[in-house]
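Asks: This is what each chain is made of:
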Amino acid sequence: MGHGPLRQRLLLIAPLVLLLALVVLPLGCLLLEGVGGLRLDFFNDPYLRWRLIWSLLQASVSCVLALLLGLPVAWVLARFEFPGRALLVKFLLLPFVMPTLVGAIGVLALFGPHGVMGVNLQDTPWLLLYGNLFFNLPLLIRVALDGFAQTPADRLAAARTLGASPWRVFLRIELPAALPGLCSALCLIFLYCFSGFGLALVLGGQRYATVEVEIYTLVANEMNFSDASALALTAFVLSASCALLYTWFERSITRSRSGQGKVRVPARGWLQRGMLLIALLIVLGFSLAPLCAIVWRALGTGSSAWAVLLDSDTLKALANTARFTGLSLLGALVFGLTHAFALRRSLWFRSLSFLPYAASPVCVAFGLLLLYPGLSASLVLLLGAYTLFAYPFVARSVGAALDAIPACLPDAARSLGATPWRTSLRVLLPLVAPALRRGMAFAAATALGEFAVTLFLSRPEWTTLTTLIYQHMGRPGEMNLDAAMVLSCVLMLLALAAFAVIEWPESQRGGDA
Amino acid sequence: MQSRHFCLALLLTVCGFSAHADPLRVIAHDSFDLSKPVLADFEKQTGIKVELIKAGDAGQMLNKLILTRANPIADVVFGIDNTLVGRAAQAGIIDPYTPKAGAKPVRFTLPNGVVSVDYGYVTLNLDKAWFAKSKLPLPKRLDDLTLPAYRNLLVVENPATSSTGLAFLLSTIRAMGEERAFQFWARLRQNGLKVSNGWSQAYYTEFTRNGGARPIVLSYATSPAAEVFYSKQKLNAAPTDNLLLPGAVFQQVEGIALIKGGHERAAAAKFIEFMRSDAVQKDLQTKMWMYPVVSGTPQAAVFGLVREPVQHQTPSAAEIQKNAPAWVKRWIRVVLK
Amino acid sequence: MLELKQVCKRFGARLVADQLSLRLDAGEILALLGPSGCGKSTLLKMIAGLENPDSGQLLFAERDLAGCPPEARHFALMFQEYALFPHLNVLDNVMFGLVERQVKATERQQRAREALDALGLADYAARAVGSLSGGEAQRVALARALVTQPRLLLLDEPFSSLDAHLRQGLQQEFRQHLKQQGISALWVTHDRQEAFVMADRVALLHQGRIEQLSTPAQLLAAPANPWVARFIGFDNVSQLGVVPDAAFQFGPEQPLARIEAMMLQAEGVRLSVKIADQCYTLHLSTREARQLGDQLVPGACIGLGIDAHALIHFPDQEG
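Residue numbers (my numbering), protein chains in the order written: chain P, 14 to 526; chain X, -18 to 318; chain Y, 262 to 580.
Hints are computed from structural coordinates only; laboratory data are not their basis. This one's a predicted model, so the numbers in the text were calculated from it and none came from an experiment. Watch out, some of these pointers could steer you wrong.
With a cut-off of at most 25 Å between alpha-carbon atoms, the simulated PhoX-like pairs for lysine-lysine come out as follows [claimed, not checked]: (1) X:LYS25 <-> X:LYS35; (2) X:LYS263 <-> X:LYS213; (3) X:LYS30 <-> X:LYS17; (4) X:LYS17 <-> P:LYS329; (5) P:LYS329 <-> X:LYS213; (6) X:LYS175 <-> P:LYS329; (7) X:LYS81 <-> X:LYS251.
Where chain P lies over chain X, by a calculated footprint (3+ residues, C-beta under 8 Å) [unchecked claim]: (8) 134 to 148; (9) 214 to 221.
No residue lacks a Cβ here, since even glycine has one placed at the ideal position from N, Cα and C.
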């Protein structure tokens, strides 16, 4: 590490200042207010108790359901070969890139009033749970798939020869091998479900909204800052513990490269084909159906609904979305690169960039509101918050790619006469370019779907596509719902574009094999 | 490819920061509506461009104004009513304005420099057709609504998120006193009360006239007139009626005010005077379904079909400002849990 | 040219250089030989400027290198893993250093092509780096290093990733090339055969100290201590000295020795014998083994003695 460590330390300044000013200080302010607002009888309030219990309950139930539904699907995908399998695995990433509002509307399009499925589940807990599964089931499937696919085939064969039936092999060999990954994925799913805002706001209704929605309501409707911060403190403590648990699990995962995984075979026989069918139905039903429902509903509306696209409000919202996404991409580029280059091979520093996700968007936005009252509704703060939530993806992607570059390459460049800056420019950057592209696409998807922060910190003239959709949904009438569907289609297409950029196959450059 | 991204982003920034035009920014709640010709006339005569910002429910609108008072998002606010005026003044977002002398007398005023524009009554509406079919006698007192005969018939709005709901809560407290009022609400809840987030959802989704299941809805005294006005066929009588029960009528006086720290003061003053002008006072009756505050304004014909309430139970603005948050919190615990 | 004076470096718990001193003359190829993991690569990195010594001096042409960054030292590094840049083709790789030294475009193209030509890689200019074999890749790396006309070439086990037969061919080629151009080189390896073939002088590195620095012939003739002797490949090493193969003499007049074990090898026979209660190992060529014939049977006795004059004694330790 003799490459001018001072220079590298200087790079630390930018991301640390960002994190300090926009996460640490606001959260500290929030916690202080919260401690001040905590009364002894705070938790005796049955209303707040119910909110808290329900938030924990829905997150736990979502985890359990994801596990029960996702394990069989992952096993089927790991063991069977069928046409379109690769495409399906790729599309498992899609819900992760989708804005939360699109997912919520998709669920409503399926099971809400005037839903495609005909059954109205509004004001029941099932809407929220289904929405949670839409986003998080693919995550569990992918993690479990990795775990199963990497279990060495020899181990499985040995177990069979020792007398274990396929079910026992699964139970005693495959499942334990995937377990560490599953634990960390479950932590993450719990965190997403607990601290999620958009889904709970739209799908929760009166009874089944979560703590995050309660915080927002307390601030936006009642301006009850003391209660809101007390609640935010509780929520933060819970989600931070969950995040810590997640990092602990991540560290204890050993990615073993010992031995080849089992080769996939086509499904044979009725039982195997049946399992394959059920797995496909689960995936389609939970993770693709809502999106299809939106398209279906949008296409079924009349031309008057599609005319909303030409509305001045819509055009302004589109312009704002483009503006904010573009600017936050710029911020994500700068901060992501400095963060990744600042402290190489330091896993803990890289995970520091995800600090705002350990809290929740609502807590961070609320903290910003408390700490910078003069700046609330200023473009700087809004874009700062956008960048804050977008740049970790760039930092992580580029950081991992930097780790993968063998040390001898920059050494060789240095010895051939390149200064550290020229080395980064001519050797390191081109080699991390694919990872940078992927990270930026994730950042763009995050900025597109940004919702909580915009609700808290935005001005009416800065309506984005997401808040416009939310506004349409708040107004009564078939017309507004149709308009919301059409706009959600547009948002979905934009997210799909980001997804395409992420998954674009890398071109062969200079012939790297 | 990266440099192209950079240039695009830079371009977009520049466009974003381009100089703001100088329109008059008027922020109002979602129910604000004026005929286009009336507004266009104002713009033509004064040369002022009006930019209308709709900001949700009145309570949410006020909250947004309070949160952004360091850098106000508008110059003039419409929709501050007697339930909100105390809080608005306390938060210091209002620049007091007195209308020009020599104008016509007004029926009601608002304190703290807010200029009253219209007034209305929040009360219960009932679906005549449903009651005729069910042959159920109409309730005579508020307490009747807690009887088993009227189980699952009422839908109201949440006072925390809807000014209509808040108005009803306030009138019940005014009529029965706080303790009895909350006992009443608890019994209402047990009798199958439905709560919705806002007036639109209650009226357009839950009311039996619009396909819902509840024939009694918390709405405005002028809503029956609106039903006649907007109906496709010509109607002689209103299909809904006001259920004017003692303790269930709240008088709402709504006004417009200058926002402290806003720009375009001269234009804003002109707009406020405009809202008190004959054209607007006549127009707002069939657009916003409120009564004009300026005496002598000709009443819209369709208003003749509804009974204007004579009694109402409305606490004073000061009382509202002092107690409303605590009352709302208590209501949430008692009714929603 | 290159001089290390009392260089010390600790890497974690390991002492990589312990008051190490070394001199490399112009045009000389010096091999740094030592067991794997003894810090030879770190030493190279210190000379290149990628690491800093804890204490001591590094001088080149009488000038202290402290504070001189790697890109200013004009020392070229070659690595075990070739370290070719995967996003550039062969020609761009070779031109990399020239771009950094701000050589004009036409000139650097020409020089790069000449360098490739000199190593027999003229047709490879547009090839992708990933499509090269090990030997080709290492030659490209050499071209890339040499085209910048370095003052010193530092090679870190450049052939250890290659197959054995390939290694020998490349060794000859590289040495020839370096000598032709008159380039000084510091060659790190753990393979003693390679060191003996490539180097003018060999330095044996052990726990941060140079045990011996001399020509290969001198090493074989007079190893300095038991460790050196064993590392070079001698058997029969004791605290006082070595009994080389040349010291053993067969004959009926010799005292009787017992053959403990016999191992047939590709190049001959390896015998374990006991002479006067001392165990020794010696190697016989196939010819010698055939001459002795039936006498070579495990358990049998054979006339075998040691010529005292042919023994190698270690120099005095206190010296």
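Asks: Tell me, which hint numbers fail for this structure?
Replies: Hint check: 5, 6, 9 fail, others pass.
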